[in-house]
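**Student:** What follows is each chain in one-letter form.
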Amino acid sequence: MNTKKFLLLFHFPKNPPAVKSSPEQMQALYGQWRAWTDKFKAQILDSDGLKPGGKHLTKGVITDGPYAESKDVIGSFTLITADSLESAVKIAAESPFLSSANAPEYRIEVREFAGYELK
Amino acid sequence: MTEPARGQPTEIVEHYFRHEYGRLVSTLVRVFGVHLLETIEDSIQDALQLALTSWSMKGAPENPGAWLYRVAYNDVLDVLRGNKVRARAAERATGELPEYDQPPPRFTHEVADDQLRMLCVCCDERVPVESQLVLALKTLCGFGVGEIAAALFLTEANVRKRLERARDRLRELQIDAETPERSALEARLGSVHTVIYLLFNAGYHSSHREIIRRDLCLEAIRLGRLLAEHETAALPSTFALLALMHFHAARLNSRVDNEGRLLLLEEQDRSQWDQELIARGCEWLQRSATGESFSRWHAEAGIAFEHCRAPSFAATRWSEIADLYSMLEELAPSPLNVMNRAVAVAQFRGPEAALALLAGAQPPESVLHWYLWQAVLGELHRNAGHLEVARTHLTLALEGASEAERALLRARIASCERRESER
Chain A
2 MNTKKFLLLF HFPKNPPAVK SSPEQMQALY GQWRAWTDKF KAQILDSDGL KPGGKHLTKG
62 VITDGPYAES KDVIGSFTLI TADSLESAVK IAAESPFLSS ANAPEYRIEV REFAGYELK
Chain B
56 MTEPARGQPT EIVEHYFRHE YGRLVSTLVR VFGVHLLETI EDSIQDALQL ALTSWSMKGA
116 PENPGAWLYR VAYNDVLDVL RGNKVRARAA ERATGELPEY DQPPPRFTHE VADDQLRMLC
176 VCCDERVPVE SQLVLALKTL CGFGVGEIAA ALFLTEANVR KRLERARDRL RELQIDAETP
236 ERSALEARLG SVHTVIYLLF NAGYHSSHRE IIRRDLCLEA IRLGRLLAEH ETAALPSTFA
296 LLALMHFHAA RLNSRVDNEG RLLLLEEQDR SQWDQELIAR GCEWLQRSAT GESFSRWHAE
356 AGIAFEHCRA PSFAATRWSE IADLYSMLEE LAPSPLNVMN RAVAVAQFRG PEAALALLAG
416 AQPPESVLHW YLWQAVLGEL HRNAGHLEVA RTHLTLALEG ASEAERALLR ARIASCERRE
476 SER
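Respectively, the protein sequence lines represent chains A and B.
Residue 2 is where the first sequence starts when you use my numbering, and the numbers rise one by one after that.
Residue 56 is where the second sequence starts when you use my numbering, and the numbers rise one by one after that.
No wet-lab data here; the hints were simulated from the structure.
Ideal Cβ positions, reconstructed from N, Cα and C, are used throughout, including at glycine.
One or more of the hints may lead you astray.
What the hints assert, rightly or not - Have a look at the derived ranges for each label pair, beta carbon to beta carbon:
1) A:E70 <-> B:D312: 56 to 62 Å
2) B:E66 <-> A:E70: 55 to 61 Å
3) B:G137 <-> A:E70: 28 to 34 Å
4) A:A102 <-> B:N256: 33 to 39 Å
5) B:E180 <-> A:A19: 50 to 56 Å
6) A:A19 <-> B:L228: 25 to 31 Å
7) A:D39 <-> B:P419: 41 to 47 Å
8) B:A212 <-> A:I75: 47 to 53 Å
9) A:P17 <-> B:E66: 25 to 31 Å
10) A:K5 <-> B:Q330: 54 to 60 Å
11) A:D49 <-> B:Q330: 48 to 54 Å
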């Protein structure tokens with residue numbers, strides 16, 4: 002049973018290489034993403050992108066995002082259910098995100114929900 | 056944004072992104088002006104990129120065209136208002152901005168008008184012809200620089216240079232993208248037809264079997280139909296051009312065998328010819344027969360029609376074809392027509408008659424050194440039994456021929472050698 006929840010975090014390079022995809026290439030990639038979301042639609046609970054920028058708060062200081070020290074930013078996320086970390090990783094690996102990447106900074110982080118509960 | 060019910064994303068048809076790119080360029084050029092072409096294209100590129108990421112997750116909106124139009128329109132406005140630092144100095148807004156906060160409405164019939172207008176802009180005779188073709192492929196057909204380079208056998212740097220030259224020229228000339236008057240359009244129709252046919256030929260004559268080859272041909276037909284469906288360009292010469300392209304396209308798949316070898320007309324499996332395309336070509340040919348005019352496209356469509364209707368290579372009406380090449384030569388003089396006429400003449404009056412015809416032609420030096428000219432000379436001599444002369448010409452033709460053509464030429468040289476040794 003898919004009782005566990007996982008967050009797939011899609012990390013993009015902060016300064017992506019300036020490669021312009023052609024409309025035809027973009028449509029091909031769109032097709033791959035649709036195939037992925039279709040295949041796992043029973044397990045995908047939600048997906049969204051995150052706007053660039055934002056703010057960073059540290060004690061006493063608020064700075065403009067993204068966090069200056071990191072090479073990449075979280076561009077989007079997908080919330081899924083899966084029976085184990087392994088199967089969550091499999092789902093992430095099947096997404097076209099990494100195969101379409103043109104820089105090593107592209108990565109997917111898979112994190113399991115702790116599922117804190119008040120008993 | 057309206058979002059469709061989950062699990063039922065709007066279906067995005069094949070080539071939608073690419074075709075929508077062309078439609079958006081045409082509309083936004085009308086709204087903002089052709090001097091902003093580069094900014095407009097960048098905004099559309101960004102809008103498509105945004106569509107890719109958001110539609111991938113949520114499915115496409117109910118009206119994807121309106122979604123993209125709004126996003127791209129607002130992006131151009133952002134650039135013009137200085138909220139985005141993308142505009143080149145030459146393109147910075149001077150004077151008034153469009154007053155709408157929302158993009159002006161876009162109706163289907165207007166989009167066709169917009170594309171026709173953009174086609175006329177691309178074919179402006181003051182833009183160098185090699186840039187016209189690249190500009191049309193980029194802006195109207197939505198091909199990427201890499202794809203254009205591959206299709207036209209150019210480097211990407213060269214494609215970029217041509218695009219830049221075209222955009223600079225359009226800006227300098229301050230061409231407005233207003234619909235040309237009927238008379239103006241008729242005057243420009245010649246170069247519009249030529250660009251469409253060049254586009255078709257780029258697909259038709261490339262020997263590589265990538266899908267893009269077929270796509271280029273289909274794009275050319277699409278643009279031709281755009282003209283034919285528009286009252287100002289619905290003229291017999293437009294119909295004849297469409298007939299020609301349909302007849303050629305019908306034979307597209309039979310031109311190469313499974314190993315990628317180029318097949319001669321006489322070797323092609325005629326049962327593979329697309330009868331539906333031929334039938335549609337015939338309809339266009341009929342429509343082209345109205346009125347007095349007889350254009351070069353009429354002559355060329357007539358030739359292609361003769362090939363399509365012939366049940367076999369031997370049963371082809373070669374004398375009709377030779378006559379049509381004579382007419383074509385009068386309308387659009389080119390050594391290529393003389394050469395093709397000689398090939399037709401050889402079929403019904405023999406190789407010696409054809410060689411006499413070529414001997415009488417006085418092509419410029421560059422044509423004499425052209426590989427196809429040498430290949431035809433070689434083949435005619437081979438058929439006439441002048442084996443040694445044939446070999447010389449065929450060997451000269453090797454230089455400049457494509458890989459597929461070279462294979463064919465080598466086979467013929469070998470056959471000359473075989474027959475010489477048998478003597």
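**Student:** Compare the structure with each hint and give your call.
**Tutor:** Okay, the hints, checked on the actual structure:
{"no.": "1", "hint": "A:E70 <-> B:D312: 56 to 62 Å", "verdict": "60 Å, holds"}
{"no.": "2", "hint": "B:E66 <-> A:E70: 55 to 61 Å", "verdict": "44 Å, violated"}
{"no.": "3", "hint": "B:G137 <-> A:E70: 28 to 34 Å", "verdict": "31 Å, holds"}
{"no.": "4", "hint": "A:A102 <-> B:N256: 33 to 39 Å", "verdict": "37 Å, holds"}
{"no.": "5", "hint": "B:E180 <-> A:A19: 50 to 56 Å", "verdict": "34 Å, violated"}
{"no.": "6", "hint": "A:A19 <-> B:L228: 25 to 31 Å", "verdict": "29 Å, holds"}
{"no.": "7", "hint": "A:D39 <-> B:P419: 41 to 47 Å", "verdict": "60 Å, violated"}
{"no.": "8", "hint": "B:A212 <-> A:I75: 47 to 53 Å", "verdict": "36 Å, violated"}
{"no.": "9", "hint": "A:P17 <-> B:E66: 25 to 31 Å", "verdict": "29 Å, holds"}
{"no.": "10", "hint": "A:K5 <-> B:Q330: 54 to 60 Å", "verdict": "59 Å, holds"}
{"no.": "11", "hint": "A:D49 <-> B:Q330: 48 to 54 Å", "verdict": "51 Å, holds"}
The structure does not agree with the numbered hints 2, 5, 7, 8 stated previously, though it agrees with the rest.
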